[in-house]
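Those protein sequences? They're chains A and B, same order as listed.
The first sequence begins at 1 in the UniProt record's numbering and counts up by one.
The second sequence begins at 1 in the UniProt record's numbering and counts up by one.
Honestly, the hints are just simulated from the structure, not real lab data.
Small disclaimer: the values here were computed from a predicted structure and weren't measured.
Virtual Cβ for every residue (Gly too), placed ideally from N, Cα, C.
Misleading hints may appear alongside valid ones.
[As the list claims (entries may be wrong)] Every beta carbon over 10 Å from chain B, so not counted as near; a handful from chain A, in silico:
1. Asp52
2. Arg81
3. Leu168
4. Glu225
5. Ala272
6. Leu326
[As the list claims (entries may be wrong)] Pairwise CB distance ranges (calculated):
7. B:Ala401 - A:Thr213: 53 to 61 Å
8. B:Arg87 - A:Glu225: 33 to 41 Å
9. B:His405 - A:Thr62: 29 to 37 Å
10. A:His398 - B:Gln90: 57 to 65 Å
11. B:Gln97 - A:Asp391: 38 to 46 Å
12. A:Arg184 - B:Gln90: 50 to 58 Å
13. B:Glu362 - A:His185: 45 to 53 Å
14. B:His397 - A:Glu67: 17 to 25 Å
15. A:Gly388 - B:Arg32: 40 to 48 Å
Number of protein chains: 2
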Amino acid sequence: MSAGGDKILVAQGGGPTAVINQSLVGVALEARRFAQVAHVYGARHGVRGIIDEDFVDLSQETSHNLELVANTPSSALGSTRDKPDVRYCQEIFKVLQAHQIGHFLYIGGNDSSDTVRIVSLEAQKAGYPLRCLHIPKTIDNDLVGNDHTPGFPSAARFVAQAFAGANLDNAALPGVYVGVVMGRHAGFLTAASVLGKKFPDDGPHLVYLPERTFVLAQFLAEVKEVYARFGRCVIAVSEGIHDASGTPIASLLAKNLEHDAHGNVQLSGNGALADLLCEEIKSQLKIKRVRGDTFGYLQRSFSGCVSDVDQREAREVGEKAVQFALRGAGDGSVAIQRTGAYAVDYALLPLDAVAGKTRVMEDAFITPNGTGVTDAFHAYLRPLLGAGLPDAFRLRHHPVAKLLHPGR
Amino acid sequence: MSAGGDKILVAQGGGPTAVINQSLVGVALEARRFAQVAHVYGARHGVRGIIDEDFVDLSQETSHNLELVANTPSSALGSTRDKPDVRYCQEIFKVLQAHQIGHFLYIGGNDSSDTVRIVSLEAQKAGYPLRCLHIPKTIDNDLVGNDHTPGFPSAARFVAQAFAGANLDNAALPGVYVGVVMGRHAGFLTAASVLGKKFPDDGPHLVYLPERTFVLAQFLAEVKEVYARFGRCVIAVSEGIHDASGTPIASLLAKNLEHDAHGNVQLSGNGALADLLCEEIKSQLKIKRVRGDTFGYLQRSFSGCVSDVDQREAREVGEKAVQFALRGAGDGSVAIQRTGAYAVDYALLPLDAVAGKTRVMEDAFITPNGTGVTDAFHAYLRPLLGAGLPDAFRLRHHPVAKLLHPGR
Numbered sequence: 001m002s003a004g005g006d007k008i009l010v011a012q013g014g015g016p017t018a019v020i021n022q023s024l025v026g027v028a029l030e031a032r033r034f035a036q037v038a039h040v041y042g043a044r045h046g047v048r049g050i051i052d053e054d055f056v057d058l059s060q061e062t063s064h065n066l067e068l069v070a071n072t073p074s075s076a077l078g079s080t081r082d083k084p085d086v087r088y089c090q091e092i093f094k095v096l097q098a099h100q101i102g103h104f105l106y107i108g109g110n111d112s113s114d115t116v117r118i119v120s121l122e123a124q125k126a127g128y129p130l131r132c133l134h135i136p137k138t139i140d141n142d143l144v145g146n147d148h149t150p151g152f153p154s155a156a157r158f159v160a161q162a163f164a165g166a167n168l169d170n171a172a173l174p175g176v177y178v179g180v181v182m183g184r185h186a187g188f189l190t191a192a193s194v195l196g197k198k199f200p201d202d203g204p205h206l207v208y209l210p211e212r213t214f215v216l217a218q219f220l221a222e223v224k225e226v227y228a229r230f231g232r233c234v235i236a237v238s239e240g241i242h243d244a245s246g247t248p249i250a251s252l253l254a255k256n257l258e259h260d261a262h263g264n265v266q267l268s269g270n271g272a273l274a275d276l277l278c279e280e281i282k283s284q285l286k287i288k289r290v291r292g293d294t295f296g297y298l299q300r301s302f303s304g305c306v307s308d309v310d311q312r313e314a315r316e317v318g319e320k321a322v323q324f325a326l327r328g329a330g331d332g333s334v335a336i337q338r339t340g341a342y343a344v345d346y347a348l349l350p351l352d353a354v355a356g357k358t359r360v361m362e363d364a365f366i367t368p369n370g371t372g373v374t375d376a377f378h379a380y381l382r383p384l385l386g387a388g389l390p391d392a393f394r395l396r397h398h399p400v401a402k403l404l405h406p407g408r
Numbered sequence: 001m002s003a004g005g006d007k008i009l010v011a012q013g014g015g016p017t018a019v020i021n022q023s024l025v026g027v028a029l030e031a032r033r034f035a036q037v038a039h040v041y042g043a044r045h046g047v048r049g050i051i052d053e054d055f056v057d058l059s060q061e062t063s064h065n066l067e068l069v070a071n072t073p074s075s076a077l078g079s080t081r082d083k084p085d086v087r088y089c090q091e092i093f094k095v096l097q098a099h100q101i102g103h104f105l106y107i108g109g110n111d112s113s114d115t116v117r118i119v120s121l122e123a124q125k126a127g128y129p130l131r132c133l134h135i136p137k138t139i140d141n142d143l144v145g146n147d148h149t150p151g152f153p154s155a156a157r158f159v160a161q162a163f164a165g166a167n168l169d170n171a172a173l174p175g176v177y178v179g180v181v182m183g184r185h186a187g188f189l190t191a192a193s194v195l196g197k198k199f200p201d202d203g204p205h206l207v208y209l210p211e212r213t214f215v216l217a218q219f220l221a222e223v224k225e226v227y228a229r230f231g232r233c234v235i236a237v238s239e240g241i242h243d244a245s246g247t248p249i250a251s252l253l254a255k256n257l258e259h260d261a262h263g264n265v266q267l268s269g270n271g272a273l274a275d276l277l278c279e280e281i282k283s284q285l286k287i288k289r290v291r292g293d294t295f296g297y298l299q300r301s302f303s304g305c306v307s308d309v310d311q312r313e314a315r316e317v318g319e320k321a322v323q324f325a326l327r328g329a330g331d332g333s334v335a336i337q338r339t340g341a342y343a344v345d346y347a348l349l350p351l352d353a354v355a356g357k358t359r360v361m362e363d364a365f366i367t368p369n370g371t372g373v374t375d376a377f378h379a380y381l382r383p384l385l386g387a388g389l390p391d392a393f394r395l396r397h398h399p400v401a402k403l404l405h406p407g408r
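Chain A on its own, in the form it takes in the complex (with noise of 0.2 Å):
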């Protein structure tokens, strides 16, 4: 467009994946099979970057720095939490005009998606050509029109796989094991808690997802039966668990406790619904051993569990996004479609069939007792894990005969 070349400027927004680079390496390294492409900037920490002015030119890079780049976890450009509003959009259009980019990527969630909306307009109202594309990621699997999303089948393995181990350990030392799981809204990345079960009393026995209203009673109730029947009960749950109000529960679990028991502490983001929840089940059903883990930032930036599936699909979604812009198939968000088993493509969504809209778990995925998981999520799940997913194995049970007690 300008002068001496397109540019294009690539963002990275939201919380970050263990992928999110390889969606930045495959925009960086497919611009440069195009000629017309002068230079890629990135912004530094996203939107933000923008307004700032903060970019670096990803073109100076080497693709052999880029390769392991792409293959490190988090925003290797630094992202941010600013959410644009139609002002801040405009602040940013006039940055994107000053340099004269001809392209906006931006990789992101819901809020990513509405700025590249928000920018497409502004760029249109002012006549100036520009292509604005949003590149999915997200680990909470929420955004419509996509079959999944990438970040999130990475995520999705490390749930699986710490799910896995807590259900080992719990079964050599027998109790009550919660574990809380991120996903404000929806279920996914909970319900992937039970992709690494394998016995028919493997854990988690349990899943509380957000998709359904959590009612205090019938949950002690379910836990105490599992506890009766395998004498341990490991349960996955979603940090967005909440009444039939919208209450989240970790705010009704505190007022129970009779005084403004956790002051100042935030309720959400930290390990309080755990805890409230394992005193519920020590006070209640008189279970001693009952333990509680908040997997919290480890589940999205974990360093060294990645689904290989996850790492080639963030790589294409970059790719497919150059694609789409440098041959004019207009404005857009990238998306993920399922094509076989397993097999995917990439379709072009209009920006506003994906801004500001969130997906939930489907009704098909969730049992109708609304504690466990289909077979259809599974069929779902399994391929996006990826290759060598960890198995377990147990040792079969040969007795021997007592001597001293035979009866017992």
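Got chain A sorted already, so can you dock chain B onto it with the hints?
The following block gives chain B in isolation, referenced to the frame of chain A:
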């Protein structure tokens, strides 16, 4: 010993590790090489299973399945938290006599080694020819006489990878991150957090160990200083941090909230310490983005994060225990001793040299200011973590000139 051939009894005690089944399988397979061994029994759930005569016959396992179980984390026989006193050990001894067990091999930490010591004394008193061997295992790395203990390297690898990821996440979305790591008395596992550092500004920037007194005001000053320097701060904290009187910091901070903040909520084995430290940082330093994680059970049972060095050594301590037992080396505790950089050999230590004693981090491993570890610790730990540790790469900095506000 018995007419039908020797009988070995093996059991697993205390917290599971990623490689404790390697030791179990080392015992079971090595015993097959000795013609005089008729049976290898496994007690289910440690000493509890001995009292209950809850034995399985490992001689009926296929070597193929044993190899698969060896690669599965957590205790395949089950474990126990029972800490036997003399009377309990007398009960153990009665069962061993009844089943004509000639060799008792117990895989565990400090408490387990003490059990082996008492059972050994009971057998001597009774004039019963019983070989008693302790096989080391603990993620805390706190057994004296050992260069390190099986299970620690894999847990250390998890902690190093977790902090490597948390550091990248924190660099992308700057703020303060607190990760709380297991280890009540010994800080080895917390110190392992630094092994994923690569660039000079990488976190963890501060490490707080139970070997040093924790002073809140000093902690806050140190966090403030790092935050001012890097615009972010990653902190590794041992769950065992305490004040000069030995009082756990979680208890002190809970009191600071001016009401009995946590009610019945216990202050260890949950997310309280991380949450309370985060509250202090937010309220005292006025830093907005402060996040805490408690690694909890993930660090000892995560399925799919293991050191190959740890696997190999855990297998060998099991094999060596059988060799020591059957070749008449006497009772004792198998210990790992470093003989090269990197190579090890195995010794048999007297039981009372190990039992009931706790090793903590040597002063040479801790920096004089108490908030970091020395090169000597890096050199000590790195070879234990094994092959294929993830490496992190960065974009190199190629800034683009600002056009709208060149002066900024």
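Exercise for review: Classify the label on Asp52 (chain A) as holds or violated, using whether its beta-carbon is more than 10 Å from each beta-carbon of chain B.
Suggested key: violated (7 Å)
Exercise for review: Kindly confirm whether 53 to 61 Å is satisfied by the beta carbon distance between Ala401 (chain B) and Thr213 (chain A).
Suggested key: holds (55 Å)
Check your understanding: Is the distance from the Cβ of His397 (chain B) to the Cβ of Glu67 (chain A) consistent with 17 to 25 Å?
Key -> holds (18 Å)
Check your understanding: Can we trust that Arg81 (chain A) is non-interface, i.e. its beta-carbon lies farther than 10 Å from all of chain B?
Key -> Answer for Arg81 (chain A): violated, closest chain B Cβ roughly 7 Å.
Check your understanding: Would you say Leu326 (chain A) is clear of chain B, with no C-beta pair closer than or equal to 10 Å?
Key -> holds (20 Å)
Review point. Does the hinted range 45 to 53 Å hold for Glu362 (chain B) and His185 (chain A) at CB?
Key: Since Glu362 (chain B) and His185 (chain A) have Cβ atoms about 49 Å apart, the given range 45 to 53 Å holds.
**Study point:** Range hint 57 to 65 Å (beta carbons of His398 (chain A) and Gln90 (chain B)) holds or violated
**Key:** violated (28 Å)
Practice item. Using the beta carbons of Gly388 (chain A) and Arg32 (chain B), state whether their distance is inside 40 to 48 Å or not. Key: violated (30 Å)
Exercise for review: Can you let me know if the beta-carbon spacing of Arg87 (chain B) and Glu225 (chain A) is within 33 to 41 Å?
Suggested key: Holds, since Arg87 (chain B) and Glu225 (chain A) (Cβ atoms, about 37 Å apart) stay within the stated range.
Check your understanding: Does 38 to 46 Å hold as the CB distance between Gln97 (chain B) and Asp391 (chain A), or does it fail?
Key -> holds (40 Å)
Check your understanding: Regarding Arg184 (chain A) and Gln90 (chain B), is the given constraint of 50 to 58 Å on their beta-carbon distance met?
Key -> holds (56 Å)
Check your understanding: Regarding the assertion that Ala272 (chain A) does not contact chain B, is the least Cβ-Cβ distance greater than 10 Å?
Key -> violated (7 Å)
Violated hints, listed in ascending order, are 1, 2, 3, 5, 10 and 15; each of the other numbered hints is respected by the structure.
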